[in-house]
Each structure stands twice: as structure tokens, then as C-alpha cells.
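S.K.: Read off the chains here:
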Amino acid sequence: MDFAMIFFILVGALSVGAAVGVVTSKIAVHSALFLLVHFATLAILYVTLNAQFLAAAQVIIYAGGIVILILFVIMLIGSGPMETRAAYRSWVPYAGLALGILMLAGVSLTLLQAPATPIDPEANQGGVPIVIGLTLYSQNILLVQLAAILLLVALIGALLLARRPKPEESPTSNLRS
Amino acid sequence: MVPINYYLILSAIIFTIGAIGVLSRRNALIIIMCVEMMLNSVNLTLIAFAGQWNNLVGQIFVFMVMAVAAAEVAVGLAILIAHFHLSKSTNIDDVNLMKW
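Chains as they are written, first to last, in this note's numbering: chain A, 35 to 211; chain B, 3 to 102.
Please note: incorrect hints may appear among the correct ones.
Covered by chain B, according to a simulated footprint, are these stretches of chain A (three or more residues, beta-carbon under 8 Å) [what the hints assert, rightly or not]:
(1) 45 to 55
(2) 67 to 76
(3) 98 to 105
(4) 142 to 148
(5) 155 to 162
Just so you know, the hints here were simulated from the structure itself, not pulled from any lab data. Note that the Cβ used here is the ideal one computed from N, Cα and C, for glycine as well.
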């Protein structure tokens, strides 16, 4: 067991612990902070997998953007302690737990029987920005345009959806009455 | 070096935790966070396979996943806020406006 393996186990355990914290924490703000830790540890794992630029993008987009967005919404709508149990369909969490453990056991058994292939330390030339950029803007230019359209539509959709409805034109007032 | 299998097992563990969270929690914010976790575990798988096969397309596709995740969380939180204006609740068991 060399240094890389010990490092992987430490970071992976931190990542799994943070993920468990997201699911089990009673307060929404705590979940968001656990999510931040989870994203940071995943960025560290990306560096060990020769994806340096994606590690930076992970920190910027997820930790810097998405977690902050979620925290803003938590502050906006308030976050008291909320009940975690369903009012009905109470068998769904147990079914989910059983099916999840089943899937995990299947995947783990398959992967442990597969031959262990270590990663080439020079794979993808370390995933530095110049390599990623050359591949992204030469072969995959359509993907960039698709992502641009997707983000534009999401931006407009989020603006329209989150707009506070005027009292006289509330779209659901005639439904409720 | 760490074999690729361990990264895939870690990714499966994180995906399972996220799926269990989506099924067991009733707070819509937590559910959105768990969906983000599941997307991230898929990102880890894609990057691990990109390293194994020495192929950059896996890393490129992670960009697409990140764009979809950003769009999904923006629209999801907007829907959440719009519903919160109606019912003052983030419990998804209260989201039954279209149920007849």
C-alpha cells in the first residue's frame, strides 16, 4: 500500500462521509456545507485522475456557483428543521435503501473481479487546459453550441419561473377557488 | 498507483448514497443536492474511464454534464421558489397541485 493508495482512501472516505452528511443532516444549511466538502474532495480526486482543468472547473462551477445558489435559496425561503419522514408511502425509503445496497453490491463485486488496471500517469497529458481546449474547440464544437443554447434556455426559464406573480394575475388563483 | 476499479467503486457508493437521499428525504432542497451528488459521481466515472483509455472525450463530456447540472439546479430552484410562494412549504409531499 503506497502513498497514493493511502491518499485515495483518506480523500474517498472524506467524500463518502460528506455525502452521508448531506443525506442525514437535519438542517438544510448543514447539508449545503457538507455538499461543499463533497465537491472539494471530488476535485482533489480529479487531480489524481489527470484532469487538472476539470478539477478547477469543479471548484468554480460547483463549489463556487451551485452551492452558493443553493445557500441563497435556503436563506431566501428559510430553513427550520424539517421532518425527514414521508407522511405516507413510508415503505419507499426502505425499498430505496434495499435496492441501493443491492446495486452497490452488484457493481462492487463486478469491479473487484475485473483486472485492476492502474492509470497511466501521463494519460491525457494531465488534462491541462491547452489539451482540453484543443479537443473541445476542434472536434466537439457542436457540444459547446448545445451547452450555450441549454444554458440560455435555462436562464430564461429560471427568470420566468422565479418571478413573483402579481396578485391579480396569479395563475393558480382560479384553480384554488 | 490506485487502480481504476477503486474509483469506480467510490463512484458507485456516492451514486447510491445520492439515490437513497432522493428517495428518503422529503425536503426538495435536499433532493436537489442529492441529484447534484449523483451527477458528480457520474462525472467521476467519466473521468476515471478517460484516464484508463487515455481518451479526452470522457473529460469533454463532463463539461456537458456540468452544464446540464447548472441548468438543472437553476430551473429546479426557480420552481422551488415559485412553489414556495404558493404553499409556504418545501416538502415535496405538498406538491400536489396537478393531482386530481
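S.K.: Give a verdict on every hint.
M.R.: Hints versus structure:
1. 45 to 55: holds (count 5)
2. 67 to 76: holds (count 4)
3. 98 to 105: Per the Cβ count (4), the hint holds.
4. 142 to 148: holds (count 4)
5. 155 to 162: With 4 residues close enough to chain B, the hint holds.
In terms of the numbered hints stated before, the structure departs from none.
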